[in-house]
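Note that the protein sequences, when read in sequence, are chains A and B.
Note that the first sequence covers residues 21 to 363 in the working numbering.
Note that the second sequence covers residues 21 to 363 in the working numbering.
Treat the hints with caution; some may be incorrect.
One copy or two, either will do: identical chains are not told apart, so a pair holds if it fits within one copy or between any two.
As the list claims (entries may be wrong) - Listed below are the simulated DSS-like cross-link pairs for lysine-lysine, each with C-alpha atoms no more than 25 Å apart in a straight line:
id	residue 1	residue 2
1	K337	K291
2	K314	K272
3	K231	K263
4	K263	K314
5	K314	K291
If you are wondering where the hints come from, they were derived from the structure by calculation, not from laboratory data.
There are 2 protein chains.
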Amino acid sequence: MIIDCHGHYTTEPQQLHDFRKKQTEAAHKHEHLAPWDLKITDDQIRDSLEGAQLKFQRERGTDLTIFSPRAAGMGHHIGDARTSMEWTRLCNDLIHRVCTLYPRNFIGVCQLPQSPGVSPANCVEELDRCVTQYGFVDCNLNPDPSGGYWQTKSLADRFWYPVYEKMVELDVPAMIHVSMSCNACVHTTGAHYINGDTTAFMQLILSDLFKDFPTLKFIIPHGGGAVPYHWGRYRGLALNNGKPELTEHLLKNVYFDTCVYHTPGMELLTKVVPIENILFASEMVGAVRGIDPKTGHEFDDTKRYIDNLSSLSAQDKQKIFEQNALRVYSRLGARLKAVGLRA
Amino acid sequence: MIIDCHGHYTTEPQQLHDFRKKQTEAAHKHEHLAPWDLKITDDQIRDSLEGAQLKFQRERGTDLTIFSPRAAGMGHHIGDARTSMEWTRLCNDLIHRVCTLYPRNFIGVCQLPQSPGVSPANCVEELDRCVTQYGFVDCNLNPDPSGGYWQTKSLADRFWYPVYEKMVELDVPAMIHVSMSCNACVHTTGAHYINGDTTAFMQLILSDLFKDFPTLKFIIPHGGGAVPYHWGRYRGLALNNGKPELTEHLLKNVYFDTCVYHTPGMELLTKVVPIENILFASEMVGAVRGIDPKTGHEFDDTKRYIDNLSSLSAQDKQKIFEQNALRVYSRLGARLKAVGLRA
Chain A
21 MIIDCHGHYT TEPQQLHDFR KKQTEAAHKH EHLAPWDLKI TDDQIRDSLE GAQLKFQRER
81 GTDLTIFSPR AAGMGHHIGD ARTSMEWTRL CNDLIHRVCT LYPRNFIGVC QLPQSPGVSP
141 ANCVEELDRC VTQYGFVDCN LNPDPSGGYW QTKSLADRFW YPVYEKMVEL DVPAMIHVSM
201 SCNACVHTTG AHYINGDTTA FMQLILSDLF KDFPTLKFII PHGGGAVPYH WGRYRGLALN
261 NGKPELTEHL LKNVYFDTCV YHTPGMELLT KVVPIENILF ASEMVGAVRG IDPKTGHEFD
321 DTKRYIDNLS SLSAQDKQKI FEQNALRVYS RLGARLKAVG LRA
Chain B
21 MIIDCHGHYT TEPQQLHDFR KKQTEAAHKH EHLAPWDLKI TDDQIRDSLE GAQLKFQRER
81 GTDLTIFSPR AAGMGHHIGD ARTSMEWTRL CNDLIHRVCT LYPRNFIGVC QLPQSPGVSP
141 ANCVEELDRC VTQYGFVDCN LNPDPSGGYW QTKSLADRFW YPVYEKMVEL DVPAMIHVSM
201 SCNACVHTTG AHYINGDTTA FMQLILSDLF KDFPTLKFII PHGGGAVPYH WGRYRGLALN
261 NGKPELTEHL LKNVYFDTCV YHTPGMELLT KVVPIENILF ASEMVGAVRG IDPKTGHEFD
321 DTKRYIDNLS SLSAQDKQKI FEQNALRVYS RLGARLKAVG LRA
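Chain A on its own, in the form it takes in the complex (with noise of 0.2 Å):
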């Protein structure tokens, strides 16, 4: 079985973008909007997926893709804490609508209620809700809801406890995943996005948070930002900094998707990160689309950069593929079983 962990619902139905962008107006002026006023059928939802997400699953033979609400869309600094939190259970209850109508194609990932200076304990019941009630097997967690500011607390800084002690009791990991980027000068898929992973794996380095959260699991998402290309320089920064080799130091917990647009960037991934703290995924559709002229196949087909690795054992692939997976989500497999995907 092919597992893809970074799958967004970036294709969803114009009604969603309609009703967020009422909802931003109304924020500006510190109002709300009802939510039940989206509505959106299930026609709608198989539309909006066959030709893209579905399509590429078949055609490029994944399996099952582990979906997000859009990452960009998150947007946390949009409006209040109430903002956040209807958007969110708009969110998370749709891509539950996905995950209940094509139950063997997607499992859910659920984003949260964060916003600005707000402490992430306003975010422990929609995890559990999304967790127990919809079977969803992670969450995706902002470590930036001002948008490319900067503007709240280290990963590992105690303002980050009640949502981490929920995911343990849970025993559901998180991707570390900003939103979109506020600010002009940085893009959002060509720098944010990368500089976010980046950022969040150095605050790591500098902590001492497994410590606390022995079990507490994090998957940095786009190949780990420019980490794995600079892992000298990380191994020496935790090292000048009184910390161990990253190995012991934070890949107990710490897990890197593949999506990594070529066969060099991908050869340097299963080079540098042991091959345990790899997880199969293409972030399709979304970040980059389109085809590479170059190779005649779109950029963000990483099977394929994976599956001609030379380097790389069968046992190895199976592992990125499926088993780490099976692992690091540690509610997939009894969710699997819940939709016949496992016996």
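Starting from the known structure of chain A, fit chain B onto it as the hints suggest.
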């Protein structure tokens, strides 16, 4: 000849730090300090270099460092434009003294008196002074004088044109190098530096800057941040935004240094980026100090990684170590003659 194009004066005499501390305190009270109060002797400068940069040059077999003030120390966000100007002139004067004491070891690079919200037109005079009076061959341009908040315009904005016009007139490139991060969430050398490189490159992707300035040259340090690792992503984002291939779009004007502290990273860089666009650099004495316990050599001894790359021909290595630098730093050849390093 082996030319290290990225070295900072990070071992400055204590007096400089003492002065800067007092200057910063004065700036907080909207006051200015008399720069002539700072006294540093030639022997103090010699002492600061003999056991560090000069020792490493000898040990590693590098000949010459293209040398600038400490990048984190530029601190353009501290005080106002006058603070920045006085500090910048001091720092550049100190680099000039280094280059005068060791003309065969160091060639100067200036910092610029940038200040948040102030037009970089105020940098033109200092750039001219350093190039025409001191023989400097390059400048460090900070794309984010706000120190992590990206409050200035994209590098492609006309805001920056006055300094580009002067660079073109003088025929000097700029290394695009941020300074210290003022944000505790964003580590200076582990996140802000690398993010700055990535953000700047993405700004250039979205622009047509080099249509306006076909001879303008930028060096992106730290191996180009995350860019080479995510080369497929950046090629795709360029194409998605209606731009041509990166080689066509940017690589006639943009170069990457080799400050990547492990072999797989160096392999990737030299595989992905054309050899003509790679400049040897170590950033010593810089971000990562000490010996890699896995190799027994300093992390930032980047010459070793390149020496050991069997994928590169002797000619490739000569380009990286010397020829590319002589091409990119147009004034370097004449400077080497002036100090007797070339016939």
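Now the hints, each set against the structure:
no. : hint         : result
1   : K337 to K291 : both (13 Å within a copy, 23 Å between copies)
2   : K314 to K272 : between (37 Å within a copy, 20 Å between copies)
3   : K231 to K263 : within (12 Å within a copy, 47 Å between copies)
4   : K263 to K314 : between (42 Å within a copy, 15 Å between copies)
5   : K314 to K291 : both (24 Å within a copy, 15 Å between copies)
In summary, the structure agrees with every hint in the numbered list given earlier.
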